[in-house]
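Protein chains in written order, with our numbering: chain D, 202 to 346; chain G, 190 to 673.
Hints were generated in silico from the structure; no laboratory data involved.
Some hints could be false.
[Said to hold, decoys possible] Reference listing, derived: stretches of chain G covered by chain D, where coverage requires no fewer than 3 residues with Cβ under 8 Å from a Cβ of chain D:
#: 1; stretch: 212 to 220
#: 2; stretch: 231 to 245
#: 3; stretch: 528 to 534
#: 4; stretch: 550 to 564
#: 5; stretch: 572 to 585
#: 6; stretch: 626 to 636
Cβ coordinates follow ideal geometry from the N, Cα and C atoms, glycine included.
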Amino acid sequence: MDAAVLAIWVLRLLFLAILYAFLWMVVRALIRDLRSAAREPVRELGRLVVVASPSGEPAAGSVFALDAITSLGRDVNNAIVLDDEFVSASHAALTYRGRAWYVEDLGSTNGTFVNGSQVDGLAPIAFGDEIQIGQARLRLERART
Amino acid sequence: MTAAASGQRAVGREARRFRITPRVRGRELGLLSLVAIGLFIGSLSLGATERLKAAQLDGDPASVNLLGPADPAFIVVYLGALFAVHLALVIAGRRTDQILLPTVGMLGGIGLLLMERLPQDLAGRLGGLASTQLVWLVIGLAIIAGLAIAVRNDVWLRRYKYTWAAVGVGLLLMTFLFGRDVNGARLSLTIGPFSGQPSELLKVILVVFLAGYLSENRRLLVEESTRIGPLRLPPLPYLAPMVAMWTIALGIVIVQRDLGAALLFFAVFLLLLYVSTARVGYVVLGLGAFVVGAAALYFLFGHVRTRIDIWLDPFADPNGAGYQVVQALHAFARGGLIGTGLGGGLPTIAGRPPIPALHTDFPFAALGEELGLVGILAILGLYLVLVERGLRIASAAQDEFRAILAAGLSLVIGVQAFIIAGGNLKLIPLTGITLPFVSYGGSSLLANAVIVGLLIALSERTRDPLPPPRRLGRIRRMLDRGAA
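This is chain D alone, in the form it adopts within the complex:
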């Protein structure tokens, strides 16, 4: 009788112990995952993917890492040069302010479009949005983690 009660006690405590062992292993895995994510240096704030580029420069599919301020235009002094006759010399700028991305039209001739609607001055954009500059279509994406 006493042995039976003792055995049940041991089993009960063992069950709780394994529950906590499981939790400990899971939490350790989570912390390791977070640490490795934090250890990776964040070089880029976001990336710009060229979806379509009829002029061929830059080629469709190419990817640009973005700084806090990235200028786009036909002039060679821009961070991203779009060699397209519909693009103004200094066409638009992508800026990262606070915790959000903005696109700013710098008084271009043919305008800047986000998901098909024209940008008037400064407009906030989100990851996954498509920006149209001249004939080129570019998509803002999250930095690779």
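Since the structure of chain D is already known, use the hints to place chain G on it.
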């Protein structure tokens, strides 16, 4: 011979075309082994306790052989299903999350042990309680595997968000009109041989719709044009969905008398608004609307007032209205620090468990009695792990839609667990909602399985390009025409 060889080569080509390369999931396997050991020990503990009880009733406790699990078939089938899902995920070879499945497996297994221990006729006209629960658990695991393997593209979710919303509202209206009343709440809907609780599925549909809506209109919601005192609000038309959501929540309370679902929907809605806009103003405004609505409901509707009154003082009528809550509090008290052990809780009163609706609404109280404070803290920890994983998947997602979807899905599980655990503990008014993966009930298990399956699918670290956003508009069509 050659035909066979060429056939094999063709199969190899097929496999390459679909890029199926098995990938070892070591962490998942390790955690699942621990789940298997834990559930086996739990089953042994349950079996020994029940055998000792039976022997004491017979008056011959000395001669009994205590060793052996309670009912080996249940635990073997369940663990077999868990490892089968693991094997399927290994063969599919996607780089997906390895922690969600073992965590859900642990919760489901604890729920199964609890169902084995309760009177088996609680399930009603169906078979035994535990065997029905086991069938639903296995179907749920199959859904998790299916979604985690098959969902590679989310276009079908993001494109048709208004269709999803219409499906959800349709389900809700059908429940309003044709639903069957159970315990004063109109929850279940019977179509032909199937009956289920649409509000369980509705919570998944709601998150999908909100993710689509918020990711598309985030820009407009973040812009501010209205100011009320210190609050900065977006253009007023964009508050319309918030008002609609508030109305739907009120409608659910008034027509369906389902306080839990209303609370869940509104809480998830506010959390997602905050996640997608990072604006405290919305949360303040939403909480204000909640307080106004709750106060109005309290004064207008008897069933809401009863719930609040029971919460404030269950001992005013301990054998009537407050019976469930009082019994739950006694159960927690009996459990103490380490509990009475699985199967060692208070025996049934006249063939019923002491708390009415224990298997659906009060599994947390039952676990509190049998595993004690130590045990339920671990179970709350498991829910926290699920939420952390979901938010981590959201923060690593490639775009707004996936991020909001992952955050919303995991918050649905977390908020549900909070509402029912808080209700059982008399921290908040009790509302009839299920404890995810533990409570008895097919609809709830399947809906939560869909959530976990989608989360695992969303966690893939993909290199595939994203689908294009929806409103590309005139310019692109003009360009396409020009190119043609």
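So, going through the hints one by one against the coordinates:
1. 212 to 220: holds (count 3)
2. 231 to 245: It holds: at least three residues are needed, and the stretch 231 to 245 of chain G offers 6 whose Cβ sits within less than 8 Å of chain D.
3. 528 to 534: Result for this restraint: holds, n = 4.
4. 550 to 564: holds (count 4)
5. 572 to 585: holds (count 5)
6. 626 to 636: Contact hint for the stretch 626 to 636 of chain G vs chain D: violated, 0 residues under 8 Å.
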